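Visitor: Below are the chains, spelled out letter by letter.
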Amino acid sequence: MASKKNININLKIWRQKNAKAKGSMETYKLDNVSTDSSFLEMLDQLNEELINKQIEPVAFDHDCREGICGMCSLYINGRAHGPDTGITTCQLHMRMFNDGDTIFVEPWRSKAFPVIKDLVVDRTSFERIQQAGGFVSVNTSGNTIDANATPVPKHDADKAFEAAACIGCGACVATCKNGSAMLFVGAKVSQYALLPQGKVEATQRVLNMVRQMDEEGFGNCTNTGACEIECPKGISLENIARMNREFLKASLK
Amino acid sequence: MKLDSKIPDGHISEKWTNHKNNLKLVAPNNRPKIDIIIVGTGLAGASAAASFAEMGYNVKAFCYQDSPRRAHSIAAQGGINAAKNYQNDGDSIYRLFYDTIKGGDYRAREANVHRLAEVSGNIIDQCVAQGVPFAREYGGMLDNRSFGGTQVQRTFYAAGQTGQQLLLGAYSALNRQIGLGRIEMYNRHEMLELVKVDGKARGIIARNLITGEIERHSAHAVIVATGGYGNVYFLSTNAMGSNVTAAWKIHRQGALFANPAYVQIHPTCIPVHGTNQSKLTLMSESLRNSGRIWVPKKKEDAEAIREGRLKPVQIAEGDRDYFLERRYPAFGNLVPRDVASRAAKERCDAGFGIEANDTNEGVYLDFSTEIQNKGKQAAYAKGNHNPSADEITTLGKKWLEEKYGNLFTMYQKITDENPYETPMKIYPAVHYTMGGVWVDYNLQSTIPGCFVAGEANFSDHGANRLGASALMQGLADGYFVLPYTVSNYLADDIRTGKISTDLPEFVEAENRVKDQINSFINNKGTKSVDHFHKRLGNIMWNKVGMGRNENGLTEAISEIAALKEEFYKNVYVPGSNDELNPELEKALRVADFIELGQLMAMDALQRKESCGGHFREEYQDSEGETLRDDVNFSFVGAWEYQGSDINKEVLHKEDLKYDFIKIAARNYK
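These protein sequences, in sequence, are chains A and B. When the first sequence is numbered by UniProt numbering, its final residue is 253 and no position is left out of the sequence of numbers. When the second sequence is numbered by UniProt numbering, its final residue is 669 and no position is left out of the sequence of numbers.
Hints are not guaranteed to be accurate.
To be verified - Straight-line alpha carbon distances no greater than 30 angstroms define the calculated DSS-like cross-link-like pairs of lysine-lysine that follow: (1) A:Lys111 / A:Lys17; (2) A:Lys17 / A:Lys29; (3) A:Lys5 / B:Lys84; (4) B:Lys569 / A:Lys53; (5) A:Lys29 / B:Lys527; (6) A:Lys5 / B:Lys6; (7) B:Lys84 / B:Lys6; (8) B:Lys84 / A:Lys199; (9) A:Lys12 / B:Lys527; (10) B:Lys84 / A:Lys154; (11) A:Lys53 / B:Lys514; (12) B:Lys413 / A:Lys154.
As the list claims (entries may be wrong) - Derived list of chain B stretches under chain A, where covered just means 3 residues or more per stretch with a C-beta under 8 angstroms from a C-beta of chain A: (13) 409-417; (14) 572-580.
Unchecked claim - Partial list, computed: chain B residues near chain A (C-beta under 7 angstroms): (15) Glu54; (16) Gln65; (17) Ser67; (18) Gln126; (19) Tyr138; (20) Gly140; (21) Leu142; (22) Gln164; (23) Asn175; (24) Ile210; (25) Met240; (26) Gly241; (27) Ser278; (28) Asn522; (29) Ser528.
Worth flagging that the hints you see were computed from the coordinates, not collected in a lab. As the structure is a computational prediction, the values presented were derived from the model and not from experiment. C-beta atoms are modelled at their ideal positions from N, C-alpha and C, and glycine is treated no differently.
Using the sequences provided together with the hints, build the complete structure.
Guide: Printed below as a string of structure tokens:
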């Protein structure tokens with residue numbers, strides 16, 4: 001591969017025993033990190049060293065490690081998913097760092113995402129928003145109409161797909177100074193608003209999802225656009241605008 | 001034990017319809033009296049959970065992730081097959097059925113596969129109705145593409161994120177039912193034991209991964225939809241948490257485990273970069289629609305590339321060996337996965353590999369021809385009948401970006417190389433497991449009331465799965481099979497009433513789990529769980545991987561048995577059991593992977609033939625193709641647990657009968 005070399009780094013990592021404990025930043029030194037390693041492979045390497053010294057390893061969320069499950073969620077050097085754009089933490093590679101760097105690693109910081117342990121946070125608030133309206137009310141049956149019976153303009157289908165590409169990681173919330181979830185909710189509202197299948201319940205959907213979002217303690221949107229910049233899937237701010245339009249339309253009904 | 005597959009009588013095209021007509025029903029007023037547990041929330045689990053809740057049953061669903069949406073179905077890239085024949089290119093239910101049986105190298109059950117093909121069209125209808133944004137053409141109709149092992153275009157897709165969109169569809173149906181209070185969802189919970197009462201599956205023991213609490217959950221039926229076991233190799237395209245534990249626990253409780261040796265090694269993954277690598281990343285098979293696979297014809301060129309003295313674009317067309325096109329002209333780059341993987345291995349073993357890693361294992365996947373073709377087409381479509389070379393290249397790259405943009409970005413982030421400019425480097429990696437828990441036609445395991453769906457069962461793909469068929473099977477099982485067959489089973493339970501979790505069977509199961517956890521926590525060995533997992537992976541990849549032989553397999557069996565002993569003696573699990581403890585979670589999973597690994601080697605050893613993904617080096621023809629032995633090995637090998645000494649497991653055989661398809665040598669030439 002392109003840039004094979006090893007670097008030595010210093011890590012400042014948020015350690016917190018559990019939801020109730022007081023946390024603190026701890027310092028670790030890690031040598032011989034391959035620049036071809038992913039950020040999480042670097043953490044694996046650190047944990048292996050900690051385990052061999054019988055120190056409790058750092059807990060962090062991760063699963064697919066290919067940028068699609070949305071589970072990994074680290075705030076690195078003051079940025080959600082770290083110093084690269086269009087990627088999740090698991091796709092961040094150590095070639096983005098230099099020998100001798102000090103790297104700060106924190107969990108998502110948001111009132112609606114309480115810390116469970118170390119770098120692991122609770123994002124079930126997102127679940128409850130989806131449960132409030134993130135669906136089309138269609139039961140399973142073998143008798144829905146043929147998939148091609150309702151043509152959908154390619155432009156609408158593509159826009160719906162772009163919105164539906166959200167992975168629910170929460171970077172938008174973590175990076176927002178207001179802790180707003182408008183990009184996340186706007187993406188789901190938009191996906192359905194753009195498709196004929198979603199239009200039937202559009203009014204109830206946007207009202208219910210926004211109500212739940214507010215109840216969960218997410219902040220409001222002041223159009224700083226930070227969410228769009230940090231979103232690993234490039235979800236556009238226009239989805240927030242569309243949600244606002246949908247919400248206004250629904251409120252006036 | 002006599003294995004009864006319960007395949008219905010009648011013509012293949014009528015079996016499922018007749019069977020459904022004869023299954024028992026549970027009336028709507030009785031369904032709320034019945035509880036169903038579903039473990040796993042991927043395509044199979046989420047779709048089943050939503051469907052049962054819609055019918056009116058009480059559902060409890062479990063996943064180890066922080067949300068059902070994270071299940072690894074999310075990562076499936078290329079597409080989902082359905083016999084819609086929207087492209088008018090000769091597709092039909094029979095063709096999909098035939099392709100799948102042939103693709104599986106005649107080691108799958110006819111009746112199951114035909115059912116799968118029958119319901120495939122309904123899946124697309126259902127998903128579109130849910131608002132799944134499939135790719136469309138300008139006329140508003142759904143778009144299709146081709147996948148390996150077929151000569152029609154029947155694959156529906158959503159860019160390179162089809163699994164994500166289908167899973168989010170099933171997840172939305174699941175969420176709707178959670179919101180309505182019909183599903184209790186248990187996130188960050190892991191099933192660690194099955195509870196049997198009077199021989200029937202009646203509940204599970206699960207660990208709350210945040211608090212460490214061991215919980216008892218009862219039900220009238222338990223559905224395991226926990227995916228495949230590719231992580232037994234440590235490095236695979238599976239998610240880090242994907243595991244065999246739920247499937248292995250029911251195996252230990254009496255469910256037979258079928259064809260464990262059938263593993264799919266996917267040809268197009270990003271090659272290994274170093275010893276700290278934690279997983280392998282797939283580049284979708286759909287790329288083989290547009291990419292051509294090659295290595296240099298001359299060994300000295302391959303060597304120069306590895307040493308960085310030569311770049312792939314500097315190799316002249318005539319000096320490239322497009323080995324799939326050369327060996328398999330009829331299917332070319334779109335041969336099935338097992339065939340493509342072995343061909344890549346053959347070239348690398350012969351010294352033509354191009355990757356500069358320890359093993360030189362890598363081949364090129366090159367898009368330059370496609371850039372030219374599509375660029376020209378795009379220029380013509382714009383009315384430019386005399387495009388310049390630059391215009392063609394720009395338009396061609398734009399076309400690629402629209403089709404595969406996310407994959408190209410993913411590749412660039414991982415490798416730091418731009419695949420629009422230089423060919424991708426790829427190599428085969430463990431991807432999918434065709435083997436799994438043995439189930440009958442109703443998807444019921446040998447434990448009454450314990451059903452297994454999706455990749456976790458063995459049923460539909462024989463010895464090799466075709467691309468874009470995993471999503472199809474997961475949703476077929478969850479939406480259109482289990483709702484019928486599980487109801488049939490539950491019809492006898494309408495008077496049973498709630499199952500008490502105070503029964504002694506629950507206490508015993510809970511104690512087994514607690515004992516295992518405590519023994520890990522108190523073990524205080526010196527080596528991490530990963531240390532053992534990596535060693536297991538090494539044995540598996542080298543001796544139970546793409547090429548297998550009697551010596552290697554025999555060695556693997558004893559090496560794994562020895563590793564198991566060392567693991568229990570010397571593993572170190574930090575922390576305690578009453579908190580979030582990822583190392584403990586891994587230890588519990590690796591314990592089961594070790595036992596499974598040994599069984600896989602035993603299964604590969606007993607199968608003295610080559611078929612699909614199972615390649616025994618002793619059984620190949622003069623051109624290196626698989627040599628099946630239909631006389632002696634046309635059976636499903638299903639293993640019965642006999643205690644912790646895996647060598648004692650007993651093999652049962654379910655003979656495979658082909659009444660509607662003529663068995664032939666699998667030929668893609």
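Visitor: Each hint needs a verdict: does it hold in this structure or not?
Guide: Verification of the hints:
no.	hint	in the structure
1	A:Lys111 / A:Lys17	18 angstroms, holds
2	A:Lys17 / A:Lys29	21 angstroms, holds
3	A:Lys5 / B:Lys84	51 angstroms, violated
4	B:Lys569 / A:Lys53	18 angstroms, holds
5	A:Lys29 / B:Lys527	21 angstroms, holds
6	A:Lys5 / B:Lys6	59 angstroms, violated
7	B:Lys84 / B:Lys6	29 angstroms, holds
8	B:Lys84 / A:Lys199	26 angstroms, holds
9	A:Lys12 / B:Lys527	26 angstroms, holds
10	B:Lys84 / A:Lys154	20 angstroms, holds
11	A:Lys53 / B:Lys514	26 angstroms, holds
12	B:Lys413 / A:Lys154	29 angstroms, holds
13	409-417	holds (count 7)
14	572-580	holds (count 5)
15	Glu54	5 angstroms, holds
16	Gln65	6 angstroms, holds
17	Ser67	6 angstroms, holds
18	Gln126	6 angstroms, holds
19	Tyr138	5 angstroms, holds
20	Gly140	3 angstroms, holds
21	Leu142	6 angstroms, holds
22	Gln164	6 angstroms, holds
23	Asn175	5 angstroms, holds
24	Ile210	6 angstroms, holds
25	Met240	6 angstroms, holds
26	Gly241	5 angstroms, holds
27	Ser278	5 angstroms, holds
28	Asn522	14 angstroms, violated
29	Ser528	4 angstroms, holds
Of the numbered hints stated above, those contradicted by the structure are hints 3, 6, 28, listed in ascending order.
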